[in-house]
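Number of protein chains: 2
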Amino acid sequence: MIKSVAIQGIKGSFHHIVSNQYFGKEVTIQECLTFDSAVQSLLTDETDAVVMALENSIAGSIIPNYALIDTHNLHIVGEHYLDIQHCLMALPNQSLQEIEEVRSHPMALLQCKDFFKTYPHMKLVEDIDTAEVAKRIADTEVKKIAAIGSQLASELYGLEIVAKSIQTIKHNETRFVIVKRENHEVAENRINKASLKFELEHKRGSLAAMLNVMSDCHLNLTKIQSLPKIETPWKYAFFIDVTFDDYKHFKKAKSIMTIMTEHFKVLGEYINAKP
Amino acid sequence: MIKSVAIQGIKGSFHHIVSNQYFGKEVTIQECLTFDSAVQSLLTDETDAVVMALENSIAGSIIPNYALIDTHNLHIVGEHYLDIQHCLMALPNQSLQEIEEVRSHPMALLQCKDFFKTYPHMKLVEDIDTAEVAKRIADTEVKKIAAIGSQLASELYGLEIVAKSIQTIKHNETRFVIVKRENHEVAENRINKASLKFELEHKRGSLAAMLNVMSDCHLNLTKIQSLPKIETPWKYAFFIDVTFDDYKHFKKAKSIMTIMTEHFKVLGEYINAKP
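Protein chains in written order, with the UniProt record's numbering: chain A, 1 to 275; chain B, 1 to 275.
Think of the hints as simulated: they come from the structure by calculation, not from any bench.
Fair warning: there could be bad hints in the mix.
Using 27 Å as the maximum straight-line C-alpha spacing, the simulated DSS-like pairs for lysine-lysine come out as follows [claimed, not checked]:
hint, chain 1, residue 1, chain 2, residue 2
1, B, K164, B, K143
2, A, K180, A, K164
3, A, K248, A, K265
4, A, K229, B, K223
5, A, K197, A, K274
6, B, K113, A, K229
7, A, K113, B, K11
8, B, K203, A, K197
9, B, K197, A, K235
10, A, K197, A, K117
11, B, K143, A, K164
12, B, K123, B, K197
13, A, K170, B, K274
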């Protein structure tokens with residue numbers, strides 16, 4: 001039973017929206033400044049789950065979050081896609097021309113790059129968190145400064161939306177995962193997606209051989225990412241997501257991959273949110 | 001002939017060090033606030049080359065930089081690895097205990113996470129650029145605030161190093177590329193590495209088939225990264241780096257991949273900096 005969910009950022013953030021959509025609005029939201037502290041709250045039993053952004057269309061994979069899941073032996077128990085719609089918001093009764101400065105997270109500023117090109121009078125300042133800026137503007141009642149964030153943030157902190165859907169890519173999807181201490185939320189026959197990690201020697205054809213195995217076992221790749229192991233030159237770690245129709249195919253692939261790779265690890269087995 | 005090199009950040013940044021090591025100290029350094037403006041300076045002929053970080057051990061690939069190279073049809077003409085050694089620096093004659101605040105780029109703060117855990121009295125504040133904070137501390141002569149940056153930055157701005165090599169991963173390598181408007185710096189027989197981009201239909205085994213081709217053509221993968229194409233569901237773009245001993249093997253692979261993939265593109269052919 002999920003009672004408390006840790007999110008990165010404060011209420012009104014996109015992580016909060018994902019928690020609302022995935023768990024409903026009855027759970028307690030634990031606001032965390034960093035993904036690191038969100039994971040700490042899970043490890044110390046303060047919270048029951050963490051909502052974590054894992055990849056988006058602009059930055060690709062958020063590797064530090066993969067590392068957090070891996071290092072602490074946590075489990076991905078579900079995934080959720082959110083169409084990130086950025087709004088520009090400020091204290092009420094200000095026009096776009098009156099906004100002199102926009103403060104937001106670097107990624108949000110990057111995602112809205114084209115919009116700001118048409119408003120060169122706005123100074124862009126990097127800040128820690130999207131929703132936190134919105135709250136600060138409301139708390140300090142400061143004018144001429146705008147935040148970028150969700151409609152939920154504007155509602156929670158009483159700001160007015162000056163411009164809607166200002167991100168460059170109009171359909172701006174981010175993939176979030178739900179992370180817990182234990183695995184296996186769902187019955188095997190409902191599991192149709194998994195996140196894997198393994199290592200390979202740097203040898204010609206070694207990855208091709210692994211992909212052949214996966215293909216032979218009727219697994220579909222939805223994501224692949226190599227990461228050189230800094231401590232061990234010429235060793236590579238791979239993060240791979242696969243989908244499948246039948247859990248027994250995946251089971252077969254797992255048993256082969258355990259033998260053919262090093263440090264084979266299942267980071268999560270869950271239900272594909274995009275079947 | 002390279003006369004002017006654009007870097008992200010200001011003098012004293014790690015991009016500046018890479019330029020010094022790759023081009024020597026005689027070139028003019030063009031300081032750019034963002035990678036975007038660095039690329040703009042190249043497109044408008046203001047500069048002859050851009051130094052660009054492309055991947056590190058913690059964040060993985062810097063996808064927005066791949067997108068910049070791809071979108072503007074630029075060419076990777078070389079690569080350079082730098083072992084990023086972070087120093088904590090402040091105005092002279094201050095002890096570690098006297099430092100109350102550290103301002104730096106989010107990635108630098110992240111890379112030094114463990115160090116700051118042992119100094120919890122230091123408030124960490126995200127800022128735009130590592131070296132820029134060092135310069136600001138020197139310019140405004142503000143005490144009790146420290147910057148994270150290179151030894152070069154401490155020398156250029158007259159700050160004192162309070163702690164050395166404070167990054168968590170002691171051997172903290174970042175891969176930089178040299179980007180130009182045109183390709184082919186080097187004779188074909190010296191080229192032994194290439195960066196490729198192509199797209200595949202989401203079909204079981206499609207990537208495995210491509211990797212088999214590459215392996216058959218004696219190419220070694222040193223990097224692979226998938227990126228879903230947001231505008232076109234079920235299409236994937238792949239960024240792949242390969243090394244090879246003989247350019248004619250690569251040439252053969254190119255001609256097959258052109259047929260077997262969509263939008264096949266060589267982002268660069270250059271000399272492997274880690275043979």
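Which of the numbered hints are not met once you compare them with the structure shown?
Hint check: 2, 10, 11, 12, 13 fail, others pass.
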